[in-house]
Amino acid sequence: MFNIDTYDYNLPKALIAQEPLKERDSSRLMYLRRETGDISEHIFRELPDLLEERDTIVINDTRVIPAKIIGKKPTGGRVEILILNEPIDDKGLRLCLIKSSKRMKGGQRIDLEGEMEAEVEEPLGDGFYKLRFSGNLSIDEFLRSKGLMPIPPYIKRRKEDKRDSLDRERYQTIFAKKDGSIAAPTAGLHFSEYVISKLKSKGIAIYPITLHVGYGTFKPIRCRDIRHYKLPGEYYKIDKRVAEGINERKKKGSRIIAVGTTVVRALESVADKSGKIRHGEGVTELFIYPSYRFKIVDGMITNFHLPRSSLLLLVCAFAGVELIKRAYGLAIEKRYRFYSYGDAMLII
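Numbering (my numbering), first residue to last: 1490 to 1837.
Please note that the accuracy of each hint is not assured.
[As the list claims (entries may be wrong)] Lysine-lysine pairs mimicking DSSO-like chemistry, simulated, CA-CA at most 30 Å apart:
(1) Lys1823 <-> Lys1687
(2) Lys1511 <-> Lys1651
(3) Lys1651 <-> Lys1666
(4) Lys1666 <-> Lys1588
(5) Lys1561 <-> Lys1588
(6) Lys1591 <-> Lys1645
(7) Lys1687 <-> Lys1666
(8) Lys1741 <-> Lys1708
(9) Lys1762 <-> Lys1740
(10) Lys1591 <-> Lys1502
(11) Lys1689 <-> Lys1562
(12) Lys1511 <-> Lys1666
(13) Lys1667 <-> Lys1765
(14) Lys1666 <-> Lys1591
(15) Lys1619 <-> Lys1594
(16) Lys1645 <-> Lys1502
(17) Lys1729 <-> Lys1739
(18) Lys1651 <-> Lys1502
(19) Lys1666 <-> Lys1691
(20) Lys1739 <-> Lys1689
(21) Lys1739 <-> Lys1765
(22) Lys1689 <-> Lys1729
(23) Lys1619 <-> Lys1645
(24) Lys1651 <-> Lys1687
(25) Lys1619 <-> Lys1691
(26) Lys1708 <-> Lys1740
(27) Lys1729 <-> Lys1762
(28) Lys1689 <-> Lys1708
(29) Lys1561 <-> Lys1708
(30) Lys1591 <-> Lys1708
(31) Lys1580 <-> Lys1619
(32) Lys1588 <-> Lys1667
No lab work stands behind these hints: they were computed from the structure.
Being a predicted model, the structure only gives us computed values, none of them experimental.
Using the sequences provided together with the hints, build the complete structure.
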């Protein structure tokens, strides 16, 4: 259960979705019932028909910032930089993830379209670096004008790819409001105005919380025993009105359905043993893996995740390792689309 090898699987590269479907809610939806182990197949726009009138859905209203920039080494080599967090100091120092043909060394400089420059202050391993930025613009100003959507590395894009504009629209949920994420809460990408309208007309309550997705989503689990892994912290905020509404619905027997692993982690981070949540904001380092006992979440909507990832471990903790393995095997057999732009799963 605690060996990371348990959470490995082989996925044909052809099943990694490279772009979104034309309609958000046209993705496939695999429905898993934990109690019986039954699996059925649907289309995402059928979600309202699969839920009960008294259900409560919790969404993440974070917004992805265009945190990826392209630079050049003095040799002319191309460098992709993903800016990961708030400033480390007030002199332009930021934690970044770099994709380059060769490992970069301290002191190396990167030109950013002649408008800014970044210097490698410290290599940290696994592609992580501390970079110091300087120039006529602030980093935030530069990102607004030149930044690209930080789509994951398994979604391939050429330089000046025509799909960049598509990514700006579709690698963002329709309820994204609060800037702060460097990756999309992908379970929310399937929701359309039609689905939201159908849910509300059925009497299903929808509440927003915020969790800004950080670099932990890109960080591989290197340790064999998952109990030794430490998940990087991520900022969350839950308004008082939202917490009160969810608690009241839960008290009346409503099932709490989390849209994505981000919502699961946020809710479980603020829930007490009785299943009551508190409002507020903070940083959660909650790492959910098999053996975890859920306190508030009764169901979840999620995508199909990378092998050996913290996201897959969370889903296995919720549904059980064997059911998830069976579901993933079926998804591969039926040629579901995987990862960020891929298909979805409903687990209750």
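_Tell me if the straight-line CA distance from Lys1619 to Lys1645 falls inside 30 Å._
Holds - the C-alpha atoms of Lys1645 and Lys1619 are around 25 Å apart, at most 30 Å.
*Satisfaction of hint between Lys1591 and Lys1666, Cα-Cα up to 30 Å*: Roughly 37 Å separates the two Cα atoms, so the pair is violated.
_Tell me if the straight-line CA distance from Lys1708 to Lys1740 falls inside 30 Å._
Distance of about 37 Å is beyond 30 Å: violated.
_Check whether the Cα positions of Lys1580 and Lys1619 lie no farther apart than 30 Å._
holds, 12 Å
*Holds or violated: Lys1667 with Lys1765, Cα cutoff 30 Å?*
Cα-Cα ~25 Å, so holds.
_Check the hint pairing Lys1511 with Lys1651 against an upper bound of 30 Å on the C-alpha distance._
Between Lys1511 and Lys1651 the Cα gap is close to 15 Å, so the pair holds against 30 Å.
*asked:* What's the verdict on Lys1762 and Lys1740, does the C-alpha distance respect the 30 Å limit or exceed it?
replied: holds, 14 Å
*Decide if the proposed pair is consistent with the structure: Lys1823 and Lys1687, CA atoms, cutoff 30 Å inclusive.*
Status holds; Cα separation ~28 Å.
*Keeping to a limit of 30 Å between CA atoms, is the pair of Lys1645 and Lys1502 held or broken?*
holds, 12 Å
*Can the restraint linking Lys1739 and Lys1765 be considered satisfied, given a maximum Cα separation of 30 Å?*
holds, 8 Å
*Is the hinted pair Lys1651 and Lys1687 satisfied, with a Cα-Cα distance of at most 30 Å?*
violated, 33 Å
*Is the Cα-Cα distance between Lys1588 and Lys1667 30 Å or less?*
Distance of about 27 Å is within 30 Å: holds.
Going down the numbered hints, you'll see the structure goes against 8, 11, 14, 24, 25, 26, 28, while the others check out.
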